[in-house]
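In full-length UniProt numbering, the protein residues as written are 1 to 317.
Some hints could be false.
[As the list claims (entries may be wrong)] Dumping the calculated EDC-like pairs for lysine to aspartate or glutamate here, alpha-carbon to alpha-carbon at most 16 angstroms:
| # | residue 1 | residue 2 |
| --- | --- | --- |
| 1 | K29 | E11 |
| 2 | K117 | E62 |
| 3 | K177 | D119 |
| 4 | K45 | D17 |
[As the list claims (entries may be wrong)] For each label pair, taking beta carbons as the anchor points, the in silico distance ranges come out as:
| # | residue 1 | residue 2 | range |
| --- | --- | --- | --- |
| 5 | D95 | N138 | 31 to 41 angstroms |
| 6 | Y140 | K30 | 18 to 28 angstroms |
| 7 | A121 | T9 | 47 to 57 angstroms |
| 8 | K30 | E116 | 29 to 39 angstroms |
| 9 | T9 | T163 | 40 to 50 angstroms |
Worth flagging that the hints you see were computed from the coordinates, not collected in a lab.
Please read all numbers here as calculations on a predicted model, not as lab measurements.
For each residue, glycine too, the CB sits at the ideal point set by N, CA and C.
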Amino acid sequence: MTTDNLIATVEVRCFPDNPNVISGVLNTKKARFDIETKSNGKTIKRTPLNLVLILDRSGSMEADNKLVFAKQAVISVLNLLHDDDIVHLVAYESDVSIIFENARASTRQYLYHLIEKIDTAGSTNMSGAIEAAGHLLNTYVYDGYSRRMFLFSDGQANVGMKTRAELTKLVAEYNNKGIITDSFGIGADFDSEIMKGIADAGGSRFYFLESAQVIESLVTKALVCVFGVCGSQARLILRGKNGATLTKIWGHENIVAGANVEQFDDERGIVSLLLRLAENMHNKLKDETIDRNLVCRGYEHKAFLMEECDCDDMALY
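With the hints as extra help, turn the sequences into a complete structure.
If you want it as structure tokens, here you go:
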């Protein structure tokens with residue numbers, strides 16, 4: 001199945017583990033769905049960006065040059081933005097400071113020294129910084145601009161909201177308002193549960209800035225993902241046909257009702273699932289003798305698996 005819009009094509013392909021099914025008998029089948037998106041090749045102007053950079057400057061960032069790496073990442077972002085993008089910088093420890101706000105990326109030469117002056121101090125008020133960033137995006141509203149947050153931190157929150165559940169709930173609330181959050185883990189000792197949880201709740205990705213050598217490439221990858229987005233909050237809805245039920249989705253919360261898969265492996269574009277084919281022909285088979293075509297052959301997936309043979313008793317899914 002292929003779906004087109006003005007700027008992209010989404011193609012969905014289904015691969016059952018075995019294309020054969022016995023009619024009138026309870027069958028369990030595994031299937032893999034591949035989801036592929038492609039540009040239609042049309043040249044379009046990308047959506048401009050209204051971006052808040054959130055920089056952890058707490059005492060824990062002093063070890064192993066973590067703050068140095070984080071500031072390099074912030075500068076790399078400035079260098080990659082288009083001149084008409086809007087950028088803000090929030091730095092936090094126990095207190096939250098707005099280093100600059102509502103700046104055009106074209107003024108980056110004047111912003112570098114403000115970043116370089118940032119030093120470590122105090123504890124880690126991550127939730128306060130996220131709230132300040134959300135306030136900036138709600139204060140400076142530009143029609144047609146994508147609203148994003150980039151969080152650079154080791155994830156060790158100890159002031160305000162401290163737990164993964166609290167922080168992800170906060171980020172999810174902003175995501176529901178159209179603000180997307182990427183997270184960048186700094187240093188080998190970062191809190192992976194919090195940083196990955198924030199990216200998931202924010203509707204975007206997590207990146208690990210392990211060393212200075214990977215900063216530019218990962219920041220570039222993050223911005224390419226931002227600039228290349230042609231849609232967000234996409235959903236894949238899977239429904240059984242003729243009584244088939246979805247019983248398992250590998251690698252995801254096992255939400256069977258409605259088969260609403262909101263997050264799948266978008267690096268590989270794959271969803272694996274288990275379908276159970278109902279005994280929808282049971283009553284008919286009790287009264288009839290099946291002497292041919294008991295095993296129906298060969299069907300392929302289009303919008304669903306279409307029947308190729310002419311067997312009246314074939315169960316589709």
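Practice task
Take the C-alpha atoms of K29 and E11, compute the straight-line distance between them, and say whether it is at most 16 angstroms.
Solution key: Roughly 22 angstroms between the alpha carbons, so the hint for K29 and E11 is violated.
Exercise for the section: Please work out if K177 and D119 have their alpha carbons no farther apart than 16 angstroms. Expected result: violated (32 angstroms)
Exercise for the section: State, for the Cβ atoms of A121 and T9, whether the hinted interval 47 to 57 angstroms holds or is violated. Expected result: For A121 and T9 the Cβ distance comes to about 50 angstroms; the hint holds.
Practice task
Using the beta carbons of Y140 and K30, state whether their distance is inside 18 to 28 angstroms or not.
Solution key: Check failed, 50 angstroms falls outside 18 to 28 angstroms.
Problem - Beta-carbon spacing of K30 to E116 - inside the hinted bounds 29 to 39 angstroms or not - result: violated (55 angstroms)
Practice task
Using the Cβ atoms, figure out if D95 sits within 31 to 41 angstroms of N138.
Solution key: violated (21 angstroms)
Handout entry: Range hint compliance [Cβ, T9 to T163, 40 to 50 angstroms]
Key = Given about 41 angstroms between the Cβ atoms, the range holds.
Practice task
Below or equal to 16 angstroms on CA atoms is what counts here, so check K117 against E62.
Solution key: holds (14 angstroms)
Problem - K45 paired with D17 [C-alpha distance capped at 16 angstroms] - result: With Cα atoms ~42 angstroms apart, K45 and D17 exceed 16 angstroms; violated.
Checked against the numbered hints above, the structure breaks hints 1, 3, 4, 5, 6 and 8 and satisfies the rest.
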